[in-house]
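A.B. asks: Chains as they are written, first to last, in the numbering used here: chain A, 1 to 353; chain B, 1 to 353.
Please note that the accuracy of each hint is not assured.
[Said to hold, decoys possible] Footprint (simulated), chain B over chain A, 3 or more residues, beta carbon under 8 Å: (1) 57 to 67; (2) 143 to 151.
[Stated by the list, open to error] A few chain A residues that face chain B, going by a derived Cβ cut-off under 7 Å, partial list only: (3) Glu6; (4) Thr71; (5) Ser109; (6) Asp157.
Simulated from the structure, these hints should not be mistaken for lab results. The beta-carbon is built from N, C-alpha and C at its ideal position, and this holds for glycine as well.
There are 2 protein chains.
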Amino acid sequence: MSGQSEVITTAHGAGGDRMRALIQELILPRFDGARAGSGADAEGGPHSPGLSALDDGAVLPMGNGEAVVLTTDSHVVTPTEFPGGDIGRLAVSGTVNDLAVMGATEGLSLTCSLIVEEGVSLDRVESILDSMAETCEAADCRIVTGDTKVMGSGELDAIAINTAGVGRVPADGFVTDRGMRPGDRIVVSGTLGDHGIALLAAREDFDFGEELMSDVAPVNDLVAAAMDAGTVTAMKDPTRGGFASAINEMAAKADLGVTVEEAALPVTPSVASAGEILGIDPIQVANEGKVVMAVDSDDAEAVLDAMQARPGGEDAAIVGEVTEDHPGRVVLETGFGRRYLSVLEGDPLPRIC
Amino acid sequence: MSGQSEVITTAHGAGGDRMRALIQELILPRFDGARAGSGADAEGGPHSPGLSALDDGAVLPMGNGEAVVLTTDSHVVTPTEFPGGDIGRLAVSGTVNDLAVMGATEGLSLTCSLIVEEGVSLDRVESILDSMAETCEAADCRIVTGDTKVMGSGELDAIAINTAGVGRVPADGFVTDRGMRPGDRIVVSGTLGDHGIALLAAREDFDFGEELMSDVAPVNDLVAAAMDAGTVTAMKDPTRGGFASAINEMAAKADLGVTVEEAALPVTPSVASAGEILGIDPIQVANEGKVVMAVDSDDAEAVLDAMQARPGGEDAAIVGEVTEDHPGRVVLETGFGRRYLSVLEGDPLPRIC
Numbered sequence: 001m002s003g004q005s006e007v008i009t010t011a012h013g014a015g016g017d018r019m020r021a022l023i024q025e026l027i028l029p030r031f032d033g034a035r036a037g038s039g040a041d042a043e044g045g046p047h048s049p050g051l052s053a054l055d056d057g058a059v060l061p062m063g064n065g066e067a068v069v070l071t072t073d074s075h076v077v078t079p080t081e082f083p084g085g086d087i088g089r090l091a092v093s094g095t096v097n098d099l100a101v102m103g104a105t106e107g108l109s110l111t112c113s114l115i116v117e118e119g120v121s122l123d124r125v126e127s128i129l130d131s132m133a134e135t136c137e138a139a140d141c142r143i144v145t146g147d148t149k150v151m152g153s154g155e156l157d158a159i160a161i162n163t164a165g166v167g168r169v170p171a172d173g174f175v176t177d178r179g180m181r182p183g184d185r186i187v188v189s190g191t192l193g194d195h196g197i198a199l200l201a202a203r204e205d206f207d208f209g210e211e212l213m214s215d216v217a218p219v220n221d222l223v224a225a226a227m228d229a230g231t232v233t234a235m236k237d238p239t240r241g242g243f244a245s246a247i248n249e250m251a252a253k254a255d256l257g258v259t260v261e262e263a264a265l266p267v268t269p270s271v272a273s274a275g276e277i278l279g280i281d282p283i284q285v286a287n288e289g290k291v292v293m294a295v296d297s298d299d300a301e302a303v304l305d306a307m308q309a310r311p312g313g314e315d316a317a318i319v320g321e322v323t324e325d326h327p328g329r330v331v332l333e334t335g336f337g338r339r340y341l342s343v344l345e346g347d348p349l350p351r352i353c
Numbered sequence: 001m002s003g004q005s006e007v008i009t010t011a012h013g014a015g016g017d018r019m020r021a022l023i024q025e026l027i028l029p030r031f032d033g034a035r036a037g038s039g040a041d042a043e044g045g046p047h048s049p050g051l052s053a054l055d056d057g058a059v060l061p062m063g064n065g066e067a068v069v070l071t072t073d074s075h076v077v078t079p080t081e082f083p084g085g086d087i088g089r090l091a092v093s094g095t096v097n098d099l100a101v102m103g104a105t106e107g108l109s110l111t112c113s114l115i116v117e118e119g120v121s122l123d124r125v126e127s128i129l130d131s132m133a134e135t136c137e138a139a140d141c142r143i144v145t146g147d148t149k150v151m152g153s154g155e156l157d158a159i160a161i162n163t164a165g166v167g168r169v170p171a172d173g174f175v176t177d178r179g180m181r182p183g184d185r186i187v188v189s190g191t192l193g194d195h196g197i198a199l200l201a202a203r204e205d206f207d208f209g210e211e212l213m214s215d216v217a218p219v220n221d222l223v224a225a226a227m228d229a230g231t232v233t234a235m236k237d238p239t240r241g242g243f244a245s246a247i248n249e250m251a252a253k254a255d256l257g258v259t260v261e262e263a264a265l266p267v268t269p270s271v272a273s274a275g276e277i278l279g280i281d282p283i284q285v286a287n288e289g290k291v292v293m294a295v296d297s298d299d300a301e302a303v304l305d306a307m308q309a310r311p312g313g314e315d316a317a318i319v320g321e322v323t324e325d326h327p328g329r330v331v332l333e334t335g336f337g338r339r340y341l342s343v344l345e346g347d348p349l350p351r352i353c
């Protein structure tokens, strides 16, 4: 590589194209060949996702008809407390949700690794731990092991939390982000962009009223309800890069097209107007308590009903359809015409999660 | 709590008494009741370690005669490159070793979560990733999923790496750090204090010659050889706080005494003399490629032979014995007399791993 500006930028951590390039060029060539799937693994079978699948987690076949889903996320959100949540709630929800979208919704076990800056008050740490405990209670998951490190004053901005998690699924019962089929309906579990817009508003000290809150929450209960109600063929939680990034990734991995009705995308009025003022499209920014699904068309209404009947699923909506046209691309029907829904190169919001 | 100095200090992350207090007072009360064991769990049985066991990992029974060991470690070592290794080798070894000392030595799967500071060169990241890949190769483990976050310039000192890991063990075949029995021999796998002394020397720019190198390495192969050769009743990897901390913790948890022959403790001449100059006892500082075991007395010689025959085990030694006397305490036989081997309140070395 040449010497010009070959450094890490915030875009490398923002969930967009720059991050994908980093992973594809730097990480995969070194670590690929993961025993968990990656395409041609004998034990795992062709659909058992390993590292190269770049799914929300890896599936490790246990050889007894069961598999363990393993995932990890480090959380560096700033500010650590924000409207609707904090870094503790985020750390638990983020990992629970990555497990849930692989189909592991019950009996989840998490790790908790804290890195704290010297000088941070114990009160603040306790408040974050309280929040983690409450969120574990809500998600019916357990923190079973952990680690604590301290960095010097000025060596870290307050706190970073890594949570890894494991859940069990039947060896043939997990869900990937690439399983959509032509004709499947696209379902979202609720309003889009809440986390990203709330974070940005909080950072910029905009006051949009109290309705602008992060959606950060575990979705495993909602996902379980959906999977009970019908055939879910693909799932992803739309975090960094938002719905736009998630649905594009799902389409690209399946090599199928998706058409999305813009008018069907649920966005709260507060988020819509804040997004306009801030110059940010809510479907391009992070959610932390939502899921995007592809669902068998015969089951879509039943899945929708099941989700709408649960707390947190009231605003679930069918927003699009999978097609064999324009493979790998997402087309947005705007009412004025059609355009490709693109993915930002870098998320406009560093340290969103 | 009163307002006076109730803040995080480097001692909270140093593996000593202060860190234990943090975990006991802040973390356990919130997260205890982990389904993985913690004493009274029906599925796990009384010996399946969960969070409150504060072991190197948690054991999650799979219900089919197998269990999954889960562990996590965040690594914040400074400098990120040091004599004998770097943060990448450390991140893989640290997690492999935590799994190995629970008895999970083969088929290990790791996560890799990077937090990188904006402005760090891609060359540096690539070098660290190369090191992780090489260490995975050496440990025959795989990185199966990951996460990448970026913090702004000045918000993090270069890089932090979290690795979590899972390994499989028979449900009744894992090893804890509390299983020692009266009469068992204490075995260490090699020389003590190498990592801590090498790090401190590198930071202080002392030149003690090229022999002063970190011992950072995966020990799963060595542990497997030991377990094949005899009955290992307890294990721990002596990282932060060193051998002194590990053996005290093992004795305290078993509520048994340990006597250690000081003269039998393997320490290289370079580490011993550097330790004297730096005013640091090598048995009080971190190792990153060693293991402390309690072994059935009938098997101790066979286990020793098996380890000495493997690369990295040449300096393995029998250093002590478990006794019913002075329960929970470790007595050091110095040749001049006997004294309790204490644990430092804080490790003298912040950010050692």
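A.B. asks: If a hint holds in the structure, say so; if it does not, say that too.
C.D. replies: Hints, one by one, checked against the model:
A count of 6 residues in the region 57 to 67 of chain A with a Cβ less than 8 Å from any Cβ of chain B is obtained; the coverage claim is therefore met, three being the minimum. Counting residues of the region 143 to 151 of chain A whose C-beta lies closer than 8 Å to any C-beta of chain B gives 9; at least three are required, and the coverage claim holds. Here the hint on glutamate 6 of chain A is kept, as its CB sits about 5 Å from the closest CB of chain B, short of 7 Å. Of the supplied interface hints, the one on threonine 71 of chain A holds, with its beta-carbon coming within about 6 Å of a beta-carbon of chain B, less than 7 Å.
Given the 7 Å rule on beta carbons, the hint for serine 109 of chain A holds: about 6 Å separates it from the nearest Cβ of chain B. The interface hint given for aspartate 157 of chain A is met, as the beta carbon of that residue sits about 4 Å from the closest beta carbon of chain B, less than 7 Å.
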